[in-house]
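Each chain, letter by letter, is given below.
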Amino acid sequence: MSADQEMLDLFVQESSEHLQTLETDLMALESNPTDNALLNSIFRSVHSLKGGAGFFGFDPIVKLAHVMESVMSLLRDAILKADQPMVSLLISTSDKLNLMLVNPERAIEIACEGEIAGLKAILDGTSSGATPSATKGAETPPAKNTGIKSDSVFDRELARFDFHPDDLLDGLKHGQNFYIVQAELAKEIESQSQTLENFVSELASLGTLIGTEVSLPDHVTLANCADADVACRFFFVTALEPFILCGALGLGDENIHQIDSSKLGEWVKTAPAQNVAPIVHEPQDIEEKPPEAVVPQSIVPTSPTVPAIAPQPAEPTATQIDPKPVAATKRKPEETIRISVGLLDSLMNLAGEMVLGRNRLLRIAGRSDTGPDNSQMQSVVQEISSVTSNLQDTIMRARLQPVGSLFGKFTRIVRDLSHKLDKQIQLEIFGDDVELDRTLLEGLSDPLTHLVRNSVDHGIEIPANRIAKGKTSCGTIRLSAAHLAGRVQIEVLDDGGGMDPERLKAKAIEKGVITTEQASRMTDSDALQLIFAAGFSTAEAVSDISGRGVGMDVVKTNIEKLGGHVELESRLGQGTRIIIRLPLTLAIVPALIVGCRGTTYALPQINVDEIVHPGEEYPLKSMGGARVLELRGQLLPVVDLSDLLGHPPRENTKQENFVVVLRLDHVSYGLIVNEIISNEEIVVKPLGRHLRSVSYYTGATILGQGEIAMILDPNSMAHGRISASQLALNASKSSEAALSDSTSERVLIFQETDGEFLAIHLKKVMRVESVKASDIERIGSMDCLRKNHDSTLRLVQLSDLLPIKPQTQRGEEFFLIVPRPPFDGLCLVASRIVDSADLSDDQIDRATFKARGLKGSAVLSDRLSLVLDFDAIAEMLNAGGDETSVFAQGHFMLTANSQQQGQNQHHMTQLPTNKEQPALT
Amino acid sequence: MNLSLAKADRPTRESQWLGFTSCGRQYACDLLWVKEVLRCPAVTPVKLASSYIRGVVHLRGQILTALDLEERLGHPVSEPRPASRCIVFKTTNDLVRLPHPPEDHELADSDPTGLLVDAIGDILPPETRVLPAPPEALSGLDTRFIAGVISSQDSLTTVLQIGNLVSMLELKKSPSV
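Chain order of the listed sequences is A and B.
First residue of the first sequence? That's 5 in my numbering, and the numbers climb one at a time after it.
First residue of the second sequence? That's 21 in my numbering, and the numbers climb one at a time after it.
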């Protein structure tokens, strides 16, 4: 029973893959309607699907797939040419098939009459076109021979049978032999004490029956028909050699005529029109009645034997047998197997255990007391060590999947939407071979769909508007993925209208997100960030595609949940670029390690805004029962981690505490901890089910010395702990505070050497670390700090980039200023952290000191300081790298509207999967 | 020997029993469930977790949840005891590989779970007679976790139902309280 279920699952899985290929191919067909390789691939997909469904007896699927297959075969034989409505119909058929596959046993409930009727109409349409030639062929037999260099016997023989040229294809493709088996009923079949029925089923078991024909000898008349023998002919394809067939059927050589399959192939190719006729007359030949028409009409009522014979070479036998071998041989030649994720996970764990074992082994081998064989042992251990690392790496890679699997679906989405909106949009896909962790890929699907939809709906203008603006009528959306600085960068770029900062501001004022006054102070790039605010949508009219005002904020939160980061650039009239940066895997996250009453905990760095030492500058106050922190004129609700975790209250609160300011989607709050231990990249380990119910923990991690730290969840800690009033206070303050920042921003003042004072905006800084000179490793001309888990920080000397006093020698201990993502792979070197101060834009003197990378100078805390333009610095650093190598080689996908179909240049590369091209082309 | 009622109810089994002691009481569990035994593991306590969870243990890169047997069975323990042995139970992935997994294998967790005990005892042969446990009302024991009792000359050994032991959650304690 479970084996059946397994088979069924396999069928569903495989069919889904077929359908996926089908959809991609159909999409491509639209712009390339005569591509033979495409047509063949589509035909194969449908055929395999039909075969599989037939094997399981899912008739509705078979029926639909069959009609589709028939149309495809006409397309492939170039009898029909695919036009846009036809492709749409085929796509909607493939959708229906998809729906049916969800629950194949209940496929009958999926209404597909529309599709079937449409496809049949296509078939009938051809019939009217094709019939004349077919009838002409029938009326004037010599016409059949036109252009075909074949003997008339061959043709005459074949002409007796009623079949479709497609039935021959499989046999031709697999180099099988075609035979016409001739036998007289009484003499050769019944004499072997066999019934015709048995004989036919025997034939069917040896190969595929293509057509049957029964006739009475010419001299038979009504008078003697009862005694006359009936000649049966079977058109038959099998892999067997003639002599084996003779033996198997118990017939003589003279009964079996082999047909030259090369001629047959030629014949199928060159004379398709006349052979289409059968299928045209009976488009639903899946339920095709036994070909009674073949039996000479006059005999039917008179001969007692004939009615019994005619239905027996029943076509259904042939059609049911047919799909099975086909489905089996049509597998793609990729060498892959399916593995459950659970198994991969346990492999991963085992590899992890092996690494730990290896480390112990390395330690033992490194000891001098292991005896005289030490050197030998060393080499063995080294070998094991490298194999283990390789093993771990390989298993890690097995969890990765190419983003192409995700990108692929957008071809369809863009196509459908652009049709709906009457826009012309071309989707280009780059770097679809870039690989990402499975879980990340899943999490990325929704946000990316949203972004692409937005681009289609709001980004790209309608053709008339585009032309008015001097652009081509066809808009372009580019989806690309690339590896960049140890992360994966995914970009959605459109050449549409772009976003108007002024309109965004107006909208934001209208929606009450900001005040008019705030808007006037906002820079354009800040204004663009408004679209990430909750409940913000700029669509003039809410369409059913997008523009309901839940959107970009959800995209942002979802991406951030994945440990990623979204950026947006837009130029009015030129387009929008959205950049998503993601870590390679979800398992490693940067975290702040804190201590509370002697226990260590990890806080996800992404939520940590800043760490404050409460004191005179930032007083910790009590408001009613709740504690608040006064932070730069803002009151922040504060909770004590030790209260939260149920530590008994301590008598003397003399111990120094820190407040970690945690930022959630819409609120911020402070968390009191006893100790700040370190910043680390931690590996998230799942908790057992008993601990999963404790909502404050999202997992646990193992720190350097093997001790365990629980990972705290800032979200659930906020729930129920921060009273509604505190939240209200927070919410009203935070947006205002955030915006007031745009005029007066906090800067960090530091010195790289003992020379100039430098200031960097705090919003660009993630953290400041103190390091020892001995921790720095030098690679080439680059200084690096190696962090846990193989990630490195690149040290940047500002004196290399800016006209400031160069550093001669670093002290024993110095500071690193680590910027916020996406630049968290580098850090600025500072010998001294001086102070922090507020700096407003108009305080900056932009005239005195001018250099790339500097905003200007300002007097801060009574000292003249150079204000850094961090974005420019990052650009200067990036300029060193080769920008063009960013995109992995990819391929274009073209989505075109019907009007411009054919005019467009086609960027279409077919993946080299169709190695087994049918022999017949 | 084989005529015992308890035995007759169960299909014939080949699994042995692992005996161990905790707080002077004797217990046994199905050896098929046992993956390994840790000596003196370093248990990191976890705040807010149910009382029967002593904490977590670093087990070769995985996080093992260490259960306190006595608390789990409802015998409150006042003074802290050292974690001298930890019986590590198999996870879902481990059990899947067994040709004949224990009957209650579906209750296993995907992450390792362990039971802290005082000492490991003998392995008892498969043919050991396991009597059904006395009803809860009489014994005052939490019988959810008890599969039966092995009686020998001088003592009674409680046979534990590991599936329930590793799967049942105590929902009375909510972390936000």
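Treat the hints loosely; a few may be bogus.
As a list, the in silico DMTMM-like pairs of lysine to aspartate or glutamate whose alpha-carbon atoms are at most 25 Å apart [claimed, not checked]:
#1 B:67 - A:760
#2 B:67 - A:679
#3 B:67 - A:647
Simulated restraints on C-beta separations [as the list claims (entries may be wrong)]:
#4 A:202 - B:112: 31 to 41 Å
#5 A:20 - B:94: 22 to 32 Å
#6 A:342 - B:62: 52 to 62 Å
#7 A:628 - B:97: 21 to 31 Å
#8 B:97 - A:837: 13 to 23 Å
In case anyone wonders, no lab produced these hints; they're calculated from the structure.
Even for Gly, the Cβ is constructed at its ideal location relative to N, Cα and C.
Comparing the hints with the structure gives:
Distance restraint check for residue 67 of chain B and residue 760 of chain A: the Cα-Cα separation of roughly 49 Å exceeds the 25 Å cut-off, and the hinted pair is therefore not satisfied. For a cut-off of 25 Å, the pair hint linking residue 67 of chain B to residue 679 of chain A stands: about 17 Å separates their Cα positions. Only pairs whose Cα atoms come within 25 Å are accepted, and residue 67 of chain B paired with residue 647 of chain A is accepted, the gap being roughly 11 Å. Between residue 202 of chain A and residue 112 of chain B, the C-beta spacing of about 53 Å breaks the proposed range 31 to 41 Å.
Restraint check, residue 20 of chain A to residue 94 of chain B: a C-beta distance of roughly 50 Å breaks the suggested window 22 to 32 Å. Taken as a hint, the range 52 to 62 Å is violated for the pair residue 342 of chain A and residue 62 of chain B, whose Cβ atoms sit roughly 40 Å apart. Between residue 628 of chain A and residue 97 of chain B, the C-beta spacing of about 40 Å breaks the proposed range 21 to 31 Å. Checking the proposed 13 to 23 Å range against residue 97 of chain B and residue 837 of chain A shows it is violated: the Cβ atoms sit about 50 Å from each other.
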